[in-house]
Amino acid sequence: MSDHHNETFISKYIFSLDHKMIAKQFLITGMFMGVVGMLMSILFRLQLSNPGESFAILEWFLGDKWAPGGVLDPNMYLALVTMHGTILIFWVLTAGLTGTFANFLIPLQIGARDMASGFINMLSYWFFFAATVVLLISLFVETGPASAGWTIYPPLSALPQAIPGSGLGQDLWLISMTLFIVSSLLGGLNYIVTILNLRTKGMSMSRLPLTMWALLIVAILGVLSFPVLLSASLLLIFDRSFGTSFYLSDIVIGGEALHHTGGSPILFEHLFWFLGHPEVYIILLPALGIVSEIISVNSRKPIFGYKAMVISLIAIAFLSFIVWGHHMFITGMDPFLGSVFTFTTLLIAIPSAVKVFNYLATLWRASIRFTPAMLFAIGFVSTFITGGLTGLILGDSALDINVHDTYFVVGHFHIVMGLSAIYGMFAGVYHWFPKMYGRMMNKKLGYFHFWVTFISAYGVFFPMHFLGLAGLPRRYYTNSAFPMFDGLSDINEIITFFAILGGVVQLLFIFNFFYSIFKGTKATENPWRSNTLEWTTPIERIHGNWPGKIPSVHRWAYDYSKPGSDKDFIPQTEPLKEGETEH
Amino acid sequence: MNIKLRNNTFKQLLWIGMAGISMFFAGLTSAVIVRSAERGWDTFVLPEYFWCSTVVIIFSSILLVLSKRKVKRGVSPTPYIFSTLILGLFFAYFQFKGWGQLILEGRYFVGPGSNPASSFLYVLTFAHLIHVLGGIISLIVVTIKSSQKKYTKEDHLGIELISIYWHFLDVLWVYLFIFLLFSLK
Amino acid sequence: MTNLLIILIAFLVIATLVQILRVGELLSEVRNLDVNKVTEKDNKTQSFLMGSVGILFLVSCVWQYFSWEHLMLPAASSEHGVTIDKLMAFTMILIIVVFFILHIILFYFLYKYRKGDHNDVAYYYPHNNKLELIWTIAPTIVLTVVILYGLSVWDQITNADTSKSQVIEVYGKQFDWMARYPGEDETLGSYNYKLVQGLNALGVDMQDEASLDDKLTRELHLVVDEPVLLKLRSQDIIHSAFLPHFRVQMNCVPGMSTQFAFTPTKTTSEMKEQEGDSFEYVLLCNKICGAAHYNMQMKVVVETQEEYDNWLSQKNTLSEKLITKK
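Residue numbers (my numbering), protein chains in the order written: chain A, 1 to 583; chain B, 1 to 185; chain C, 1 to 326.
Don't take each hint at face value.
[Said to hold, decoys possible] List of simulated lysine-lysine pairs, DSS-like, C-alpha gap at most 30 Å: (1) A:K562 x C:K299; (2) A:K519 x C:K44; (3) B:K149 x A:K549; (4) A:K307 x C:K130; (5) A:K562 x C:K44; (6) C:K130 x A:K562; (7) A:K12 x B:K11; (8) C:K41 x A:K519; (9) A:K444 x C:K299; (10) B:K68 x B:K145; (11) C:K86 x C:K299; (12) B:K11 x A:K201; (13) C:K112 x A:K562; (14) A:K12 x A:K24.
FYI, nobody ran anything at the bench for these hints, they're computed from the structure.
Owing to the predicted nature of the structure, the values given are computational and were not obtained by experimental measurement.
Use the sequences and the hints to build the structure in full.
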């Protein structure tokens, strides 16, 4: 790990083995995809609030074919919805969030020079990059990108006769997803091994910051669940391209009876959601870890109930493997099985509730410093409460009958998974930016960004619950075909207004990000007066992280405002004083 | 990194990777279980060639155990590793023969002669063979390195890693074989 | 030309923003201040905002409820639907109460415990096992109630007695629905997807005696207060038959037959009196199924036995439709 002095431009910025550079690559790719995904949502929101009206912006982006005369084509609407979901779930909130913070924080917070294998780490990014390129290419194929929803249920996703997007677009989607799975497996392997083996002296598991715990558990979840998605897509590829009948049976389409018999579409749903549900927690857990860290630092208080926080993380992760059936209550599954899944699903509320109470207890009698990162962490707690509670309705099989696949679901998961995770990501970027680039992000823009985001995000997703309770199904191109939904257009207009407002203010964040990289004020070594190890590294980026020996660790990460100390934080590297007990 | 830590790290990487591969096959075999419970599931006898390949891969695993013992005693393990490689190639050969026999019997992967049962059989064996291919490539590398005397008594990570992986493939095949025997009956 | 203009404007906006930020930073440099340090004033402003925006948020939730409540689905028009509505009300009240309590606590803490002169040192309080035990057990107890209540309702719905139910087949395809009534023999004839052709849109096997008197319709008519068992099939891809007013939803899967049993309790004309003349029951598709997914619907009518018999008797049987025409 010594001679890294002769770095060329390519080895430093492109095919870099340094975990910090790879993290930035993930972050910037994720941000780019975030803009693409957000833009898509704005395009289809315009159609939903003003069905059938002409917008120049639609024609400008989608061209004559998909928005003739500026009116969105119904097939393109479904394609946009599908790609929006795929991009946000996998590209932004899985790779963009975990890829960034696992790569950046793991070696720095456990006290390691780099990841266990820098090469595998680099491969992980480049597989992700290839996946991104293939996905973006699929936006430009003649029959349109994949349009069967991000859950790609066959037979819809298997039959180009059913929807044009299931032609070449779906093929590219599957190729891209395969590359993506390889990328996240390679990444996951590395994260686990690094955390287990390369901790510095004194960094026992019980002294790990909660970010590390969260990222470790996420990596385990990923390694165990992504291969199942791979097997599901493999069988789908065979059905699509070679004519096997794993998922297809007794189908007549376009006046033609297909030869497929004996397959079961429900089989795909089982395999898909076996990944799909842990995936939700792959998205959420890193945010939980990041937020725990940031709340503690900015409350100047130890996180309340460290052990309970770890145990609840593990409990959530474990339960996430046995609840996938709650996505399938109305597929005609065995009612007893439905009961089992209701039971396991609602159990997740217990560790989640413990987490919320612990956050509140951390804020109690704290000395809160409102940095932009802290504001987003607080936003996370709020959305986690709001979205988590509606989960009690959706997880209950009897209630799910009438809200399944309505806007109630859309509101629920955007709040609990989408907003929470994206707030966690923003919090993380604001908090660790000084460590990433040695400069500070502009504070005032940060405050502005938070408030407009917070208000417009709730403005978008809270009213959706009402749409759902009115019975409006999701993925409807317009609700004008049913007189019973005529009263809902006001709500739709409000949602679109806030969606555009929220979208525009994200551009301000991106501006702040790039401005601060080059022009931001210089950061000090430990601007937030934080305990964790990454703040003991020098401001200049060096390969190997610490110039001399790696510091050893003597205490947990949460000794804030500990009585008997003259300052309100005691870094992990400081030995225990005589007579001092660890937390 | 010292040798011990490096060895541990790479072994763990492999173990966790194998956990991922196991989940991949768990997904496929549970799909078979779900599917075989429904109507229209064909039953048939596995080709004899698959019995041959089972014997061959078990035998190759034993050879690898021996090669590890040799290298620990400081004796050159090259002949043993090389014979493992040959047996690995034989395994692949028998798999292809097995598929040939299935096709002779009129059990196809796709098309009119196919059934979900036979399609699943091809997918499972093919997916396994792809992983064996990875093993064979690593065996070639290890054979070359071993013949160049790159492995010592103390430091022979390559042999250890390929042993773990090859035994895993062996166990995986035996599992798949028994699984197929029962689910096609 | 417009594109050029847009690019120019975007460029100007960015340039202006950069200049504004630069000026702010230079000014504070002159005054020897760190522009990005969180000051006491910031804490004050932000915690005040947290408190007030928090309250506004909660008020807006109440406002949304009262201004949109009339848009929600009317009370259930089926027997099991009433039990679902009760369970829903119970769960809703529970989560709304928890939602308000937790948010009020959150916003209050944020307002009260900001860093300031009198609140410079936080209270070191790493854990309290008793407290943690309490807030693990409390949700567990509440959830036990929710789970047991929910499962009992689920059990009632899925294990309904269907021996006396009128069986009707509902068949989905891109992009409409059809219904098949069993006719006088009260048995639906068998089917095979290979027979789907022309008028025989459902692939009914006409060699089967039971098929002859089956009737195909484009509307779903149900008799009030009589139990009905919907048998659901699909021709091409997965659809989902969603009857929101009855709290009924079930997927239609090609190659499979699914079912849902329920009893409608209010006729269409009763609902028209209650909800206005334009009211109609409807069956809609609730699983993404292609370009016209948003318009895949079938009219549903609940009526008295008399009206129902009258309506059904006017429909041709399949044998009249398919065989005589040949």
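Structure-based check of each hint:
Between A:K562 and C:K299, the direct Cα distance comes to roughly 69 Å. Violation of the 30 Å bound is thereby established for this hinted pair. This hinted pair checks out: A:K519 and C:K44 have alpha carbons roughly 28 Å apart, not beyond 30 Å. Taking the CA atoms of B:K149 and A:K549, the gap is about 35 Å. The hint is violated against a cut of 30 Å. Straight-line distance between C-alpha atoms of A:K307 and C:K130 comes to about 13 Å, which keeps the hinted pair within the 30 Å bound.
A C-alpha spacing of about 24 Å is found between A:K562 and C:K44, which places the hinted pair at or below 30 Å, so the restraint holds. In summary, the hint linking C:K130 to A:K562 is supported, as the alpha carbons are separated by about 21 Å, within the 30 Å threshold. For the proposed pair A:K12 and B:K11, the alpha carbon gap of about 29 Å is at most 30 Å, so the pair holds. For the proposed pair C:K41 and A:K519, the alpha carbon gap of about 25 Å is at most 30 Å, so the pair holds.
In summary, the hint linking A:K444 to C:K299 is not supported, as the alpha carbons are separated by about 56 Å, beyond the 30 Å threshold. Of the pairs offered as hints, the one joining B:K68 and B:K145 holds, with about 14 Å between alpha carbons and a cut-off of 30 Å not exceeded. At most 30 Å may separate the alpha-carbon atoms for a hinted pair to count; C:K86 and C:K299 meet this at roughly 27 Å. Simply put, B:K11 and A:K201 have alpha-carbon atoms about 21 Å apart, close enough for the 30 Å limit, and the pair holds.
For the given pair, C:K112 sits about 21 Å from A:K562 by alpha-carbon distance, which is consistent with the 30 Å threshold. Taken as a hint, the A:K12 and A:K24 pair is honoured in the structure, with Cα atoms around 12 Å apart against an allowance of 30 Å.
When held up to the earlier numbered hints, the structure conflicts with 1, 3 and 9 and fits the remainder.
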